[in-house]
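*Asks:* Place chain B on chain A using the hints.
Here's the letter readout for the chains.
2 protein chains.
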Amino acid sequence: MTDRSLNLNLFIYPDGHHEAAWRYPGSQPDRILDLGWFQALAQRAEAAAFDAVFFADGPALAENIQYAPRFRLEPITLLAGIAAATSRIGLIATASTTYYEPYNLARLFASVDHLSHGRVGWNIVTTSSPAAARNFGLEEHPAHAARYARAEEFVDVVTKLWDSWEDDAIIADAASGLYADPAKIHAIEHVGRHFRVRGPLNAPRSPQGRPVYVQAGSSEDGRGFAARHAEAIFTAHQTLGAAQAFYADIKARALGVGRRPEHIKILPGLSPFIGSTQAEARALQEQFNALTQPAYSLQQLRQMLGVDFSGHDLDAPFPRHLIQPENSQAVASRFQVVLDIVDREQPTLRGLLHRLAGARGHFVMAGTPDQVADHIETWFTQGAADGFNVMPPWLPGGFEIFADEVVPILRRRGLFRSAYAGSTLRDHLGLPRPPSLYNQPARQLAS
Amino acid sequence: MTDRSLNLNLFIYPDGHHEAAWRYPGSQPDRILDLGWFQALAQRAEAAAFDAVFFADGPALAENIQYAPRFRLEPITLLAGIAAATSRIGLIATASTTYYEPYNLARLFASVDHLSHGRVGWNIVTTSSPAAARNFGLEEHPAHAARYARAEEFVDVVTKLWDSWEDDAIIADAASGLYADPAKIHAIEHVGRHFRVRGPLNAPRSPQGRPVYVQAGSSEDGRGFAARHAEAIFTAHQTLGAAQAFYADIKARALGVGRRPEHIKILPGLSPFIGSTQAEARALQEQFNALTQPAYSLQQLRQMLGVDFSGHDLDAPFPRHLIQPENSQAVASRFQVVLDIVDREQPTLRGLLHRLAGARGHFVMAGTPDQVADHIETWFTQGAADGFNVMPPWLPGGFEIFADEVVPILRRRGLFRSAYAGSTLRDHLGLPRPPSLYNQPARQLAS
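Just so you know, the protein sequences line up as chains A and B, in that order.
Per our numbering, the first sequence runs over residues 11 to 457.
Per our numbering, the second sequence runs over residues 11 to 457.
In isolation and in its complexed conformation, chain A is listed as follows (with noise of 0.2 Å):
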């Protein structure tokens, strides 16, 4: 084993990751809100000893539901449910700062990380798509800068809120009568442009002390925000030289504001079709992609660029000049990506669909264990990645050769560890346990 060892996630999509995965031979569409399907893979993983499961999340129903499953079971229960069937995989889910109240947030993260012994992360994210703002009695979505402002103080009030129970704020003495000692237990009193919160919190801190903050955004503010704050970061990239490029300035911008950078994890997401020769490997990835339907494919191009192709001839060369850095409706996460493939591989607009839908910018590869163990080699040794988001183009069955058959290859390596070392997740990617604000008198507290 070399001194770094791989953190690999498994991002469950409910049927996997392409876009017509609910649509290949064998998958099983109507078990996909039932909670056994998700503690199964939950548990496949836990067995292949990866840190966690990952579940993404927006308040919005997704307007390509009609096409593919694309609802959202809520997935703070969802990993509540999953901790009672596993105990020592790591337990991810994504929540918005944008559109929930940090006291609710901060009570559901903590409690699941009590429920799991301390197995929880919350992907902290401020929301993308514009429907959700008219969910909420917005008219329109925030800006992004005043998202990315908003976040950075709901990161400060629920780390407060998790930090108002000292460690040993529990006395539980029964003879004298003390159950809590009032002097460990603290009111924030946050008051800051966004939020007034009294606290503190009405839970005992979590076993974690804190969840796990990840985070994945990738534009400028999001950098700098994972920076200050991530200790995960979930990142789509599709060369090896923009993966190092980002890898290089987190790291960078970590060191910048005093954080060790091992205590920053980039984990560039992956989605490989996997055959036992090349051709195998990327006639399954052409099995999938026949199985694709344009409108769905054009609304996610739509959500991507802020351009709607649809009427376009799918088989001409895309039509690139209709794209403008401003437009407004884009994910800033995934424009430059899409812009990137199209600069580079000149395809046509059904190329472009295709290389899309499989993990909606994310990298996809078809290959032989060996050439994806390979990929995951070259990324983690020169500098691209600390490990991988791992995105089953289709489940249980994407995922599970991917441990039969990759994993073994990457212990053999030496780069995946065989067996968990510790019980949390911030056991399993080397992150310190924090101690409490409040436990450290000589810290500025002042919010």
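The reader is advised that the hints may include incorrect statements.
[Unchecked claim] Computed Cβ-Cβ distance ranges for the label pairs, DEER-style:
#, chain 1, residue 1, chain 2, residue 2, range
1, B, Ser-286, A, Gly-407, 56 to 66 Å
2, B, Ala-184, A, Gly-251, 33 to 43 Å
3, B, Arg-354, A, Asp-191, 36 to 46 Å
4, A, Asp-191, B, Ala-184, 54 to 64 Å
5, B, Gln-38, A, Asp-178, 11 to 21 Å
6, B, Ser-286, A, Ala-185, 23 to 33 Å
7, B, Asp-44, A, Pro-445, 18 to 28 Å
8, A, Arg-422, B, Asp-44, 31 to 41 Å
9, B, Ala-184, A, Pro-357, 24 to 34 Å
10, B, Arg-292, A, Ala-184, 14 to 24 Å
11, B, Gln-38, A, Ala-159, 37 to 47 Å
12, A, Ala-184, B, Gln-288, 23 to 33 Å
[To be verified] Residues of chain B placed beyond 12 Å of chain A at every Cβ, according to the derived structure:
#, residue
13, Thr-249
14, Lys-261
15, Gln-356
No lab work stands behind these hints, which were simulated from the structure alone.
We put the CB at the ideal spot given by N, CA and C, even for glycine.
*Replies:* Chain B only, in chain A's frame:
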């Protein structure tokens, strides 16, 4: 078996309902943050064929945490963790219409209804603790009437969200590629005084259609709300007469708004100390009361009455004249209950504190299993109750005795089921599964 069957919930306070439960010999206060603790309690209640487990909640820390474990795990996540270890018992959590956004709350409960295959209930509260306001940016807790006005609209919004997918919206036809029928997924376009919510919900309709609507208010506003919306009511009464009056009033109000009275189950709280003789039961209750701490009890009394009696002689007659109906900080649902105890029993201050130590104003009794069964049968058959929220003084022992000793008597008397007949909470309660509002073209859908 009579036509009617008792409905029995297990109301879980982590260590039990008596304020000194955690000090009782053999209690395990170190286990009450452990999911396994709650799963085992729910499994015991399920083995007794109880309708549901029930959790209270409030988004602020209780002031008397110094003296007892009055923290709160977030109960919706707790239900999800319990769902994973049970298969039939209903799962009811409390959540606040004052401090949640309706879209977030609708998602949380719908998800757990999916994960539990249709076993969830929502106890709708407007939150009585003034401290909550300051965790959500408000200087003052909204007034009672304002909270109920928001609650009314909140329930309207979440009902529309839960109905926004018709039951047969999912097609999942892999051959054609049609996953869902967009004509059966409805934007709710709610525009009201408190909320603007476009919808639809971002998940399919849940197994029960809507989680069961539970409620606990007993004020005039609360009763009107209950008559319109509640399917189960948790209520506190000290005498048969008071319970009968409440029961008759609610059932009449339900009829008045065109609902079937049997679709509102009225469930008073009952906290029994059980012994093989009445003397033994009373001695047990005395043992608990001897463990109470006046500082805790006085804080609780202050919340109920809006008056601080600290410093008064505990063994002098209770200073009744200090109570004023207009004490603004009082909890409406408890104020009259406490006043009635005072006027009927003329206790000392300490005596009153002991009367409230068991279950915060709910009915506490000490008796043999037959006496407890007699009480239940009397209230059930004399128009005072459809069932009970059983509030064991301590856990798990206080519930085990009830399940082992009282439940068999209720069964022999034909009052309570010996096994579940259905699989959802609506089944257990004899409640219909509501069709979607959007599946009734003749019905007025305007908000």
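*Asks:* Please go over all the hints and tell whether each is borne out by the structure.
*Replies:* Results for each hint:
1. B:Ser-286 / A:Gly-407: 56 to 66 Å: Taking Cβ atoms as reference, B:Ser-286 and A:Gly-407 lie about 60 Å apart, which means the hint holds.
2. B:Ala-184 / A:Gly-251: 33 to 43 Å: Holds, at about 39 Å.
3. B:Arg-354 / A:Asp-191: 36 to 46 Å: Given about 39 Å between the Cβ atoms, the range holds.
4. A:Asp-191 / B:Ala-184: 54 to 64 Å: 60 Å, holds
5. B:Gln-38 / A:Asp-178: 11 to 21 Å: 19 Å, holds
6. B:Ser-286 / A:Ala-185: 23 to 33 Å: 29 Å, holds
7. B:Asp-44 / A:Pro-445: 18 to 28 Å: Since the Cβ atoms of B:Asp-44 and A:Pro-445 sit about 23 Å apart, the hinted range of 18 to 28 Å holds.
8. A:Arg-422 / B:Asp-44: 31 to 41 Å: Hint holds: Cβ distance 39 Å, inside 31 to 41 Å.
9. B:Ala-184 / A:Pro-357: 24 to 34 Å: Cβ of B:Ala-184 to Cβ of A:Pro-357: about 27 Å, so the range 24 to 34 Å holds.
10. B:Arg-292 / A:Ala-184: 14 to 24 Å: 23 Å, holds
11. B:Gln-38 / A:Ala-159: 37 to 47 Å: 46 Å, holds
12. A:Ala-184 / B:Gln-288: 23 to 33 Å: 28 Å, holds
13. Thr-249: Its Cβ never comes within 12 Å of chain A, the nearest being 32 Å, so this holds.
14. Lys-261: 34 Å, holds
15. Gln-356: 28 Å, holds
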